[in-house]
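Starting from the known structure of chain A, fit chain B onto it as the hints suggest.
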Amino acid sequence: MRRIEPAAVAGVMSREVANFRTFWKATTFSSTLEPIVYLLAFGLGLGATIVDDIDGLRYVEFVGTGMVATAVIFSSAMPAMFGTFVKERFQRTYDAILAAPVDPEELVTAEMLWIAIRASVFGTFPLLVTIAFGLDPKPAMLLVPFFCLITALGFAAFGIAVAASVAKIDHFNYVTTLVITPLFLVAGTFFPIDRLPEGFQWAAQLNPLHHLVELVRGTAFGFEAVDLVRVAVLLAFSVALWRVAVRRMERRLID
Amino acid sequence: MDDAPTLYAGPVTELAATRAAGAAADRADGRPAAIELRGVVKRFGPITAVDGLDLDVPEGICLGLLGPNGAGKSTTMRMLTGQAIPDDGLIRVLGRTLPKESKEARAEMGVVPQLDNLDIDVTVEENLAVFARLYRVKDVKAAVERCLAIARLEDRRRDAVDKLSGGMRRRLLLARGLVHRPRLLLLDEPTVGLDPQVRTEMWSLIDGLREEGATILMSTHYIEEAERLADEVALMANGRVIARGKPAELVREHAGERTAEVYGPPPRLEEVRARAEGAGLRVRPAGPAVAIVGSERAPDGAVPEGAIVRAANLEDVFVLLTGEEAD
Numbered sequence: 001m002r003r004i005e006p007a008a009v010a011g012v013m014s015r016e017v018a019n020f021r022t023f024w025k026a027t028t029f030s031s032t033l034e035p036i037v038y039l040l041a042f043g044l045g046l047g048a049t050i051v052d053d054i055d056g057l058r059y060v061e062f063v064g065t066g067m068v069a070t071a072v073i074f075s076s077a078m079p080a081m082f083g084t085f086v087k088e089r090f091q092r093t094y095d096a097i098l099a100a101p102v103d104p105e106e107l108v109t110a111e112m113l114w115i116a117i118r119a120s121v122f123g124t125f126p127l128l129v130t131i132a133f134g135l136d137p138k139p140a141m142l143l144v145p146f147f148c149l150i151t152a153l154g155f156a157a158f159g160i161a162v163a164a165s166v167a168k169i170d171h172f173n174y175v176t177t178l179v180i181t182p183l184f185l186v187a188g189t190f191f192p193i194d195r196l197p198e199g200f201q202w203a204a205q206l207n208p209l210h211h212l213v214e215l216v217r218g219t220a221f222g223f224e225a226v227d228l229v230r231v232a233v234l235l236a237f238s239v240a241l242w243r244v245a246v247r248r249m250e251r252r253l254i255d
Numbered sequence: 001m002d003d004a005p006t007l008y009a010g011p012v013t014e015l016a017a018t019r020a021a022g023a024a025a026d027r028a029d030g031r032p033a034a035i036e037l038r039g040v041v042k043r044f045g046p047i048t049a050v051d052g053l054d055l056d057v058p059e060g061i062c063l064g065l066l067g068p069n070g071a072g073k074s075t076t077m078r079m080l081t082g083q084a085i086p087d088d089g090l091i092r093v094l095g096r097t098l099p100k101e102s103k104e105a106r107a108e109m110g111v112v113p114q115l116d117n118l119d120i121d122v123t124v125e126e127n128l129a130v131f132a133r134l135y136r137v138k139d140v141k142a143a144v145e146r147c148l149a150i151a152r153l154e155d156r157r158r159d160a161v162d163k164l165s166g167g168m169r170r171r172l173l174l175a176r177g178l179v180h181r182p183r184l185l186l187l188d189e190p191t192v193g194l195d196p197q198v199r200t201e202m203w204s205l206i207d208g209l210r211e212e213g214a215t216i217l218m219s220t221h222y223i224e225e226a227e228r229l230a231d232e233v234a235l236m237a238n239g240r241v242i243a244r245g246k247p248a249e250l251v252r253e254h255a256g257e258r259t260a261e262v263y264g265p266p267p268r269l270e271e272v273r274a275r276a277e278g279a280g281l282r283v284r285p286a287g288p289a290v291a292i293v294g295s296e297r298a299p300d301g302a303v304p305e306g307a308i309v310r311a312a313n314l315e316d317v318f319v320l321l322t323g324e325e326a327d
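Residue numbers (this note's numbering), protein chains in the order written: chain A, 1 to 255; chain B, 1 to 327.
Next comes chain A alone, as it looks inside the complex:
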């Protein structure tokens, strides 16, 4: 592996920051409003009418803490997929960046980092909203941005790898339907995994979002020893996907 120069990574990230300043309001608006809508619909709606509590937790708190993972995947994998594809194919941004002393590995690393930092901020919004709905704030919740960051790094890398692999932007529909939606539904956000058939429970252990959901609930309701394994799994997931994304982008960008 070649040496990654921090200056190159910082340079690419500075471009992202400059662009983000032009559209942050719209992104932040949707990232704030979406968890409120979900909490109203599921937490209060479903919680008040069908499900009262789950394992002693108020349903709004169960869903609110789980929604952190939903916010993370939608603010990391999706912008990584669409953003990367548009910059590579339509805006030719990467041609300009790679003509400078920046290698694909540095480019991918910078893009991942920036997306993950954003997602780790947006990921905390549902938690803040849930606190507004009555969840008791705990000091351990300060770890939530870190858990979001390590998860978002992996999903940003996943999005970049997908963008570097598809021929057309329409192909993202397959990925959204076949990968992202199942991951987000079987993460334990809306219902507990241990009430699913055994096969699904095993599959959920392979789902990084499930580990994030459990870690966030750990910050609110108490950690378990297995949570250290969950952190390790998320770190391994992000490192593995980072290498895949670098490899895919090198193949896409260098003829």
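Do not take every clue at face value.
[Claimed, not checked] Label pairs and their calculated CB-CB ranges: (1) B:Leu90 / A:Val86: 30 to 38 Å; (2) A:Asp255 / B:Gly208: 29 to 37 Å; (3) B:Ile85 / A:Ser165: 13 to 21 Å.
No wet-lab data here; the hints were simulated from the structure. Backbone N, C-alpha and C define an ideal beta-carbon position, used for all residues, glycine too.
Below, chain B without anything else, positioned relative to chain A:
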């Protein structure tokens, strides 16, 4: 130094004096090569885009890489920036061997792409600042000011790029390529798709760089652009250089002194062509006419009366050697 609106201030500035004096009879003589390509081959599946290309660009000259679409110019440019890896051959840029030392070479070269890839929602100065950071420029602010002066966009610095005219955007692209004072500048079809007025503006800027001694490799398929700006022209076709020299020398060598253009209905043009070729002259299509190249050597009767005789030019050479109509 940074706040002066100098177009270029690389280490070969002293060559400007040579140019101004017009004393460089052969600019390539004795100068180290900024770019060396030896037997470079690049294939895309069954297509060989670059086919054994040999090319030297000595420091301090502007070399026009002229050729029809598909000649291999853009692939050559991409190989020089490390964005395409040759299947065979040797590439050295500014003393660095590619692709291994591509990053070091890129740090010292500026690239102006064919397609506008500015960030359109971002301000003019932020576009420049981002690239100053990518090139590790120490004084970003000073570099931005210098480039704003080059692009003559000081009063538009806080405007988003999508508020600029096409000409302004092109000037900004060129200035962005100079943000780190590169030793070598690659211009990939710098005026393609521009209207004549904007093209002339760009030519003035590029000519300013030449005058200051920049080493420039400029790919183009516009004959006039190569004729006006390039110290030397390398004519590419089918992935190779098929002719190289100063524009006037190429014209003299391949097209002689004069060209006679004959207009008329197609049967008459066929007749003129047959007679000229029968007399050993070279004939090329020229839109609605045929052009008899080297007409000064024509025997009596080979050039019909009423033909328009003009000085031979690079377009004659281009069409004769590539078989393609010029733009």
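Now for the hints, and whether the structure bears them out:
1. B:Leu90 / A:Val86: 30 to 38 Å: 36 Å Cβ-Cβ, so the 30 to 38 Å window holds.
2. A:Asp255 / B:Gly208: 29 to 37 Å: Holds, at about 33 Å.
3. B:Ile85 / A:Ser165: 13 to 21 Å: holds (20 Å)
Violated hints are absent here; each numbered hint is respected by the structure.
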